[in-house]
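Trainee: In order, the protein sequence lines correspond to chains A and B. Numbering follows our numbering, with no gaps: position 80 of the first sequence is 199. Numbering follows our numbering, with no gaps: position 34 of the second sequence is 40.
Just so you know, the hints here were simulated from the structure itself, not pulled from any lab data. Just so you know, these numbers come straight off a predicted model, no measurement behind them. Just so you know, not all the hints are guaranteed correct.
[What the hints assert, rightly or not] If you anchor each label on the Cβ, the simulated ranges turn out as follows: (1) B/166 - A/288: 55 to 61 Å; (2) B/134 - A/176: 45 to 51 Å; (3) B/199 - A/463: 32 to 38 Å; (4) A/148 - B/152: 31 to 37 Å; (5) A/148 - B/110: 35 to 41 Å; (6) A/463 - B/198: 26 to 32 Å; (7) A/289 - B/140: 52 to 58 Å; (8) A/167 - B/165: 25 to 31 Å; (9) B/166 - A/316: 35 to 41 Å; (10) A/148 - B/140: 23 to 29 Å.
Each residue gets a CB set at the ideal place from its N, CA and C atoms; glycine is no exception.
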Amino acid sequence: MAVASGSEAATAPTPDGPAPRRAPGGGATGLLRRFLTLREGSIIVVTLITLIYFALSTTNFFTISNFKTLLPYFAPYAILAAGEVFVMILGEIDLSIGAMYLFSPFLWHLIHHAGVPIYPSIILTLAIVCAIGAFNGVMVAIVGISSFVATLGMLFVLDGLTLVTSHSTPITTPGTTTIGVNTFAQIFGAGTYSELFWALAIVAILQVGLSLTRWGIFTVASGGNRLGAAEAGIRVNAVIIRNFIVCAGLAGFVGILEAVRVTTATPDPSGSNDILFQAISAAVIGGTLLKGGSGTVVGALIGAIFLGILHDGLIIKGVSANYLDLYLGIAILIAMAMNVYVARVRRGSGRG
Amino acid sequence: MAEQAFAGEHIVGPSSAPDDVLRVEHIAKRFGPITALRDVNLHLRKGEVLGLLGDNGAGKSTLIKIICGFHKQDAGTMWLKGEPYEPKSVLDARGHGIDTVYQDLALIDELSVYHNLFLRREQLLEPTPFLADRKMRRQSRKALDEIGINIPRLDVPVARLSGGQRQAIAVARTVSSEADILLLDEPLAAMGAKEGAMILDLIARLKAEGNVSIIMILHNYVHVFAACDRVSLIADGVIALDKPTNETSVDELNEIVVEEYRRARLAAQGANGAGAGGGGDRTTADGGARPDAAG
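This is chain B alone, in the form it adopts within the complex:
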């Protein structure tokens, strides 16, 4: 059942180019009995915005968490700017210039806006071990102004902020880092139209500057076609489609996702006769695992 290969499974090869900043080859990852990723090949060119698509549970977040050093892949290799890339931790990945906006945002409700913006990157009053709160607050204000996000007070706990504001803070934290590869896991999910537009503007601006390359998980196809140069679609644990945005369409993307669902259902019917749905080896779950990179 696992060998139900279909056209387009290894699309990556021919379209890859020497200016790839990141290459992901034959990545596989299981969580216990659940196969999240089977054999994923992905590449990211310098300065491009890559949309990573796929149905719920297709393994998008898992792939992001492998690239950012939070999870370790079971098999496969990664290449960063031509060098082998094996992140030992989130910090290690960050040291390599890769920073992430997580789906759950990784904000600490109890901490202030500016402490969240500088989480794990706190500035100190050298040579003392004390936090340079005033400096961090000033820089936070500057960073948020540059993005155009209006958060009146930076010393309030982020628990008091709206979903969109929280998401903006998570995006601002990553964008204002030194990173040149940004991984954004649903950066627009909790945002209203205005805030979402602001983030899309920001991404367009970053693209125009040309210093960063971005992988972005999105669900809304409108956003995909607005912001992304290219799309990669994960289905059944592999990349099922990899095309420039202007060569594909909503229909084509939808078709692949629905097709995967049909095959899974057929497989389940074939396996146990009862068409109860929920195919046996259908790949699921892209989160929910314990943070095994936390140690």
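Okay, chain A solo, but in the shape it has when bound:
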């Protein structure tokens, strides 16, 4: 110690060795608190309430056949939303997933008709789709265009490419031309539970990736504090590009699944925008913030299930088609309000 004036501060006693304190609360309240501390807690509650409402107020909601009807209402959106979550955690958004969903079957059709066999043509299609995702990522991370604008541009480019290459006429999906459903089609979307399995598998893998691997840590870090993440040595641009690739790749894949399921693809850009908004709604309802820094893939799945139940339940209740969007919109607003409320309760109780 060189000079007198500072030594007083430097020799102040350190406090006693800290002992890790246990979190208070046990038993039922502790369990409830733990549940609500889950980011997905609030949307699970909201979804269960909706489920119970429709189960009690209609007779044929809780049936196997209705469950099968429900599947296509949420499985594709769950996959799209799962990819979007990885972009949203970065604080970015990908508006081109609906257009990608639209474009990929046409791209696949083009490649297949050029003579590429069915499986290689799918792989090639997905490779090109991922390259487009990488392009989105480069525009955002390196060129520095806001993701809203960059992917909005890509949305129109892909819509346009779809119309140009298809000459505005519907196509028959490759691999589904033979009469009856073959094994290929069974796996890629046409089997009753095919899309459900894909959705569950993809959600599981991505949630594990987000919660349990470095990729998840880097994604949250890049979204939460971009400068800080870079200072810590994370290659933020690479993380951004990678996540845009995942998002686009999944959108292209869902496009293929759906085209196989319905055996045709129609060049309908306005329909693809509906898909986009449903997917983003599912992600947001599930608890992923638009401002970035946090998010949940399982939440997006539950958000998609919530939207599916709502849609299906309203139809079963015999709500006129004209009212469907109105009710859907109101329900989304109510669900989000409850979500925010529960989240506020959670933050209050979770403070330790």
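With chain A's structure known, arrange chain B on it following the hints.
Mentor: Only chain B this time, still in chain A's reference frame:
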């Protein structure tokens, strides 16, 4: 105007010694029209604590960010343990044993305490790609205990912690790394008296062990005289003073900073007649630039 050299501009030469672990020679850095560093010479001896001083915007943080590989200098060379040193990235610098506590702390609010402590150094359950959360939590607890920082729960997001606790985590992250050169950019800024004393104790302990060499940016002269062996003062983009702590005084340090301000004002008056202050080529800004090493 840029040639207003004054005594003490190249002080480094004579006092440097062969046991320098780090030498910084003729470093210059501009951000667009702003000159952050003009010609900086600096050296760090093994086991010493060097205080880096200077007025706000003198370029202290810029110099730290060049040494740690975040920015690339426009001119000048660096030597690490006798070898030429050209860090390509923060990771590269870390590989060379240089680790940094940034002024903005580089903490991720949304991540837990232990994930922040292991940020970009995550431990995995080999051979799987999964994070070894339990192991990281245990080691975090140990590292924080060693420093004497009491943070009751390590699984809460750091957003919930106080400014001092956050700063302690940032310091702990760097101190518990393998690095043997530590760069600390205002490690005491947000701390209360007790936490600050704890960090100064820690630095004294590290110095006693003699394994690490430290460059520390400080504003509080009390801390400077308590913790540092030597001080280097940046003014006008160059090192204006380089002395052992016990050969200088608060008055001398203050005088240089104020003198720089006077010269800048005179220069501005001379340049445009109107004494509106804010001299034309006065060096400013040590942050605010885009992370150009992020790619």
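Trainee: Would you mind marking each hint as holding or not holding in the structure?
Mentor: Hint-by-hint comparison with the structure:
no., hint, in the structure
1, B/166 - A/288: 55 to 61 Å, "holds (58 Å)"
2, B/134 - A/176: 45 to 51 Å, "holds (47 Å)"
3, B/199 - A/463: 32 to 38 Å, "holds (35 Å)"
4, A/148 - B/152: 31 to 37 Å, "holds (36 Å)"
5, A/148 - B/110: 35 to 41 Å, "holds (39 Å)"
6, A/463 - B/198: 26 to 32 Å, "holds (30 Å)"
7, A/289 - B/140: 52 to 58 Å, "holds (55 Å)"
8, A/167 - B/165: 25 to 31 Å, "holds (30 Å)"
9, B/166 - A/316: 35 to 41 Å, "holds (39 Å)"
10, A/148 - B/140: 23 to 29 Å, "holds (26 Å)"
This entry satisfies every hint, going by the numbered hints stated previously.
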